[in-house]
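Engineer: Respectively, the protein sequence lines represent chains A and B.
Oh and the first sequence: position 470 is 482 in my numbering, straight run, nothing missing.
Oh and the second sequence: position 9 is 99 in my numbering, straight run, nothing missing.
For the record, the hints were derived by calculation from the structure and aren't laboratory data.
As the structure is a computational prediction, the values presented were derived from the model and not from experiment.
In this text, a Cβ means the ideal position worked out from N, Cα and C, and glycines have one as well.
None of the hints are false.
Quick partial rundown of chain B residues pointing at chain A, CB under 10 angstroms, derived from the structure:
(1) Thr152
(2) Leu164
(3) Ser177
(4) Met193
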Amino acid sequence: MIKHVPVLLVAIPLVVAFMLPIIGMVNRTIRTITAGVAIVIIMVLSYLLIQDVMICKKIFYYMVGSPDPTALFEHGLTFPIRIALKIDQFSLLFIIMATTLSFLFYLFSSQYIEENERKNYFTVLYVCMVAGMMGMLIANDLFTFFVFLEILSISSSALVSFRTERKHPPYAGYKYMFVSSIATSFFLLGIAFLYAQYGSFNIDYLKKVMDGTVLDKIAIVMLILPLAMKCGVVPMHMWIPDTYSEAPAPISSMVKLGSLICLYGLFRIAFTFGSHVYVSYELGILFILFGVLSMFVGVTQALIQKDVKRLMAFHAVSQVGYMLLGVGVGLSVIKSGDASFAIYGKIAMIGGLFHVINNALYKGLLFLTSGIMVRHYKTRDLNVMHGLAHYDKFTALVFMIAALAISGIPPLNGFVSKLIIYESVFHYNPLLTLIAIFVSVLTLASFMKVFYSAFLGMPPERKPVEQPILVKFSMVILSIIIVAIGLFPQGIIKLLIEPAVNALATF
Amino acid sequence: MHEFELEYLNWIPLLWVCVFLIIMVLFIIIGKIFFRDDFDEMSEQGLPFYSGTSNKMLQLITASNLYWGFKHTLQSYFNSLNRLFISNLGDFIQWFIIIVAIMLLIITGALM
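From just these sequences and the hints, can you work out the full model?
Structural biologist: This is the structure:
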């Protein structure tokens, strides 16, 4: 059974997504439960792999359509064009993150999005989005990766357009679709360059045969930049505030999660192909530059926003900078030939990947709390908000936990990953650490502004509506995970992060 | 492969929790000693005091008022950012093409 898990992770959400409209016509409650159960099943399946993949270091291969799907790779790529799937330590880390958070965001949205005839579309697209993420994470050939990237992009842009409080989402969804289509077109061009030379889409095979031609290097740029654009790296970031701010709150969290899945693709391609054709140093330096630029521009832009969701969206840009900085330092020294990678490069990568997980948690929680604020005040304007904490202490508390975590305040999870990044990057260049700490201070300043504006001051004119139980439950679980990781980071680093970094570094 | 040393991470969270609890206890003790016994939060004493205006909305310092010095000092930086990223769809193409060109020059070694 467990050998079929790779294909089940994609097949279950895809099949359920096609069944949901029919189930929704019969009974809406059963439809909502079915979608939730599908996400729970893939979440449990991903947890079942921890023992084999993370502890026993086993790698799962799967060739869809082959008589013996798990053995084909060992026989030497008899059929080079097949849907090739692979789960290793690096992909499993992101699979666990994606399934767990998709489930928690789904719990939130199941009661946050009001029940009407359009919720059928919402549920179907949400499950398609999960399928897109899973497909990207386990794809071992570039074309399959591209197909699932498209599934993720199309379902995301449709969900961004999902109307809730305001009338602008269709424009935001159109903008997101436009950006995604530019990105995926260039990505397809990169795939074409490689296929034209080597006649295969398989990532492992391409790694073996690539010989560092100019066309290889052009292909790497064409593969990496679209993913960087989808992550919101400065200067290709302006779609992020426009899109995140207009989408419904749980969808902002999901689109952010989708961006982190694109970051997975970015890292995987950079390490697999970049190291192989001897451009890892150049790519590492570019990652560091993009990281610093994203951190600084993102946080300074966030500080002056008065729209709560745009402010949070600019912070999403800023936080991607930390991840690029950590992993970029590791990438730039991985082929240096001295002890740099062992001394600080690997630690920086651990910090970068740990920050991906932490960021997904607290950023998701922040977007969820912003949804409650916006729903209460009927506006995103911080100038109009005041005093919500007088009536809604629960939202104030969870917002404070997430805000302190993103600002890197101990003892929360953001502090731990930032500390690892600061300490390791300091060996590479102390100036980078100073910039990172300065950005963290500005992050705290801007979230103090949000807390002061939305939660303190005079009580609001009317009392907020009591939040449904699943909305509260999902936020409580996220808060508990944030605090628990902050207090006991060693376990998750040893079990999940370090094996993932080893797998990434030795691709 | 070098083993990740947890000692490298100088982070003892339980110590921080203990420090936090000690500060809380000290705060409560100091409060009991020095704070007035006749303070009643539910009476007028608990209301905030605003000077200068009786208009409740004007008594609020809004989000736009915060960090005005920072914004004022960096006005030229923000103006140039606004000019560079006006968020038109054409902007995305423009920046994407520029970055593709720069990256191609660096990665293919054309600048060497």
